[in-house]
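*Asks:* Chains as they are written, first to last, in the numbering used here: chain X, 1 to 308; chain G, 309 to 844; chain H, 845 to 1155.
Do not take every clue at face value.
Unchecked claim - Calculated cross-link-like contacts (lysine-lysine; reagent style DSSO-like; alpha-carbon spacing at most 27 Å):
1. Lys159(X) <-> Lys583(G)
2. Lys37(X) <-> Lys583(G)
3. Lys917(H) <-> Lys672(G)
4. Lys40(X) <-> Lys445(G)
5. Lys507(G) <-> Lys39(X)
6. Lys583(G) <-> Lys39(X)
7. Lys39(X) <-> Lys522(G)
8. Lys507(G) <-> Lys522(G)
Worth flagging that the hints you see were computed from the coordinates, not collected in a lab.
Listed below are the residues making up each chain.
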Amino acid sequence: MKKYIINRIFSMILVLLVVSSLTFFLAKAIPGGPFTKEKKVPDIILQRLEEKYHFDDPLWKQYASYMGTLMKGDLGPSFRYDALTVNDIIAKGFPVSATIGFLAVLLSIILGIPAGIISAYRQNFWQDNTVMFVSLIGISVPSFILATVFMYFFGLKLKILPIAGWGGFRYMILPAITLAAFPTAYIARLTRSSMLDVLSQDYIKTARSKGLSEFKVITLHALKNAILPVVTYMGPMIAAIFTGSFIVERLFFIPGLGKYYVTAIYDRDYTVILGTTIFYAFFLVMANFIVDILYAFLDPRITYEEKK
Amino acid sequence: MFKKVLIVVVALALIVGFAGCRPAAEETPTVEQVLTYNVGAEPQFFDPRKATGIPEFTMLLNLFDGLMRYDIQGQLVPSMAKTYDVSDDGLVWTFHLRDAKWSNGEPVTAYDFEYSWKTALAPETESEYAYQMYYIKNGAAYNSGDITDPDLVGVKALDDKTLEATLEAPTVYFTSLLTFTTYLPINKKLDMENPDWAKSADNFISNGPFTITKWEHNHQIEMVKNENYWDADKVKLDKIIFLMIEESSTELMMFENGEIDFGTNPPLPEIDRLKTEGILTISPYLGTYYYMCNVTEPPFDNVLVRKAFAAAIDRESIVTNITKGGQLPATAYVPGGIPDAAPGQEFRGVGGSYFEPYEPEKAKEYLAEAGYPNGEGFPEFVLLYNTSEGHKIIAEAIQGMWKDTLGITCTLTNQEWQVYLDNRSTLNYQIARAGWIGDYTDPMTFIDMWVTDGGNNDTGWSNADYDNFVAIAKGTGDQAVRMKAMHDAEDILMDEMPIIPIYFYTNLALIKPYLKDYYRSALGYTDFKLAYIEEH
Amino acid sequence: MKKKSREDMDEKRLFTPVKKEELGIKEFVRPSVGYWKDAWRRLKKNKLAIVGLMMITLLLLFAIFGPSLSTYKYDQTELTNCYAPMSKAHLFGTDALGRDVFTRVAFGARISLAVGVVAAFISFFIGVFYGGISGFIGGRTDNIMMRIVDIFYSVPVLLIVILLMVILRPGLTNIFIALGIAYWVGMARIVRGQVLSLKEQEFTLAARALGASKRRILTKHLIPNTMGPIIITATLLIPNAIFFEAFLSFIGLGVSAPMASWGVLASDGIQGFRSYPNLLFVPAIFISLTMLSFNFLGDGLRDALDPRLRK
């Protein structure tokens, strides 16, 4: 196992390197640049800017120099926002995104998994049908529609929650619910399906006939095996939610990291594109790594050794 | 003993009596003078020498005060300059500054102005708007690095209170240029000690009606009244909060909920309802929405083709049914609202219309004359626009009009913003959507775009006579001569139609009726120096 | 010793075996049915699944024939009749340019359903086999294959979409390619996780003991047993793909005007939903209906295809 972990750490670093390189070259491949405007910048000034940031250097040189500063932990200046460096942007935006992200993930776990369990346990009874029905709402409505409807009803009409903005717990409620809607429903359904599979297995019958309490049967035996696909899903899901959602943060006027994933590309703000991508990739590989370790705990039969 | 008690009692009675009847003038105002304005975007540059966007302009013009300023009637009045003189040849302008202080109490001097303008032109500053200062002698040369001695640049502080500017050519509208952010003063001492002062609210020093207290990136900027402002008596607002809400439907809901007093981005589909409810404000905006043609390649290299397509657009229908914001059909290129040579006259009024807003019959004639009767044999082409709901709807409507009137079906392509700009400037398009907002209130901001090889001329169009007229207008200070030359230039432009004007912009906003005495410039920014909030 | 006949022995016994034919007992064991036939039979019994299947069929028919049913064309503008409310002439009203919403929604069905199906196909074929192989072989190969998945996950899809828009013309193909790139990874990870766990179970050992080839184990044993999560993932993937396309439309990278998918129609509808809610809710309801039907069908399929639930 230890060997596996060390191996994984090396491959994670490799992944980050590959991702940043690919993104670098992709971003440079599309036309445009950070200084392209409708009101053209005079050529002389444009030239100076491009010289200053070495855009006229051969691509390999730019790549090498970017990688060099990256190694020192410096993600570079933002080309679009004079007052911010990429490190600033992430340092300021991430805590905000992570806060509502954390709430959303918490909600989805607390609601989703038990709902799925109950649903599987009482398959085809009213509990099952209710859970399935409610979860359908969560997964069938796109987030921007949910967000708009929430803002309108709870914010404008009923006035019990702020419409949008950032400044305290009340502002986090609607965005967190919007973010959690899809994952909660998905987790509920995934859990249910998985539990149904597991509950029909022989070893469950064995556990019951051994006289174990139903609760122990479900949690210690069934859940441990059924949770596998849920954990698989949650890895990338947590990475995505924590690093910020473009739609939710834009609609709810939340100063998180989400908007940069889209706007940086539009602005051709290369350093921000790379910074946010690497940040997200880091989260993702960490999340997948933890998920894979969890697999080994949940199902002791899973090994990571190569098949002979 | 009794006497003492009596005195105390009488004294108490008097005090209580006086306390009871306060004079009416001491009534505390019941309305909080706090304005919440949606500026819609995080600033790119907050240094006046470098700022380029309208959100930045609005905020910076409220933070700083330039030599001149527009009052709420739209009149240009001296502001930091008490008075000014112009030499006979129109080249040397001398400004006599009034006594004024920076927000930290230091006096504003002519040396601050000199330093500010020179550094704005300095190549190291990389100001994208430096070209606004090319009117100053050697401004362009210094900016391009042709000369390296800043003392050769035509701006000099003669003493603390006197600033002398020497221009390249007589520029009658120089005073209106002075309201532009690039010409605003910055604190010389501050900039020399701390070149990054414009990157946060902590060390920011300004000389205008307001001073910055908070800058939360991507969220909001807060300003409070600047007690050190020379005209602070006239400033009534205590605080302005500039929010950075990007989503128009969110802004609308917050406006209706009373959380925002001034919204700048009303959603297009809601305009009818907002008009009926009386919360939409329509103000003039110096801008033209048009389609530009690539005249270097078929099919738009043929002037008759361009005129056919221009005539087939039903402009009234577009402004009435689609944009609905009180826009005007553009039957010329330069919009209204720009004064002409004679007082009381407008450039557009004098120039008149060049064509009818919709001439389907003429369109067919032009097309037939060009060799494509009823659209037969017309090559395929693409109408390019950058992705946005508004542009898409207009393009779809026009696509339909061309089909109905000319029998030609074009393909619509939307490109992502930068790809679109890139395609335009490399002439990789046939016909593309465009828009231009004026930088200052003179026809030249529109006219000088289309000179041969102009930086913003993405059409490939070149006409020596046009270039000539532009040169004449730039070379003299005589308004009558200038205006005539620019009219002549516009004549040529509309005759050859490398660009097809569609409508003149208006500026739509959501403004609460209790906000008074703000100045909404036709160049797009808003000045809150005199604004206040009424009882409501 | 004389050999006793069976009958002799019988007569001496306490119990005599009954002859089957004498009893006239019907066969309790039904004839052995093939895996797929059995699955179909079970599916038919699931009412919700049938409802889902019917709805999908209806939606498909709507997509194919809907535009022809209406007298309007999807790109036919009528500027004097913008934002008309729902009426006999315009079943779902008109949009910002006076175009009939019913026709546009029907046309949008084609695009959205195509998007969903393509995404599901790509993710199914590429994702299932990639994940299956990765989980099955395990070890270093699994590590490398999953790291490649990580890379695909992390590189910004938007960059790829824009790049595609530049190389090819903006249009549906780009979206298909982008979806293909974005969606197979999710499926791959789920399948790989399942296979990792299943390959250690008894039935796999049994199959190996019986001498089954690796390929056979993978295709005949492991993958059918991961059908549950695979089906759930695939059925949620179709609407997810429709959402992703809606997201692209929201940020302006969707299909080109005047074509419109449900995603485009819904995100256009947001701006005016207060004055003209029909423009938002009609496409939204269609998206939800599609979601529901694929889910009902998916649940039914999961139950029907699960070998362990075979009766």
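*Asks:* Hint check: Lys40(X) vs Lys445(G), CA-CA at most 27 Å. Holds or violated?
*Replies:* holds (22 Å)
*Asks:* Lys917(H) and Lys672(G) were given as a pair; does the straight-line alpha-carbon distance stay at or below 27 Å?
*Replies:* holds (25 Å)
*Asks:* Are the Cα atoms of Lys507(G) and Lys39(X) separated by 27 Å or less?
*Replies:* Since the Cα atoms of Lys507(G) and Lys39(X) sit roughly 24 Å apart, the hinted pair holds (cutoff 27 Å).
*Asks:* Assess, step by step, whether the Cα of Lys39(X) is no farther than 27 Å from the Cα of Lys522(G), and give holds or violated.
*Replies:* violated (30 Å)
*Asks:* Under the criterion that the straight-line Cα-Cα distance not exceed 27 Å, is the pair Lys37(X), Lys583(G) satisfied?
*Replies:* violated (33 Å)
*Asks:* Are the Cα positions of Lys159(X) and Lys583(G) separated by 27 Å at most?
*Replies:* With a Cα-Cα distance of about 24 Å, the restraint between Lys159(X) and Lys583(G) holds, given a limit of 27 Å.
*Asks:* Holds or violated: Lys583(G) with Lys39(X), Cα cutoff 27 Å?
*Replies:* violated (32 Å)
*Asks:* Straight-line Cα separation of Lys507(G) and Lys522(G) no greater than 27 Å?
*Replies:* Cα-Cα ~12 Å, so holds.
Of the numbered hints given earlier, the model fails hints 2, 6 and 7; all others are met.
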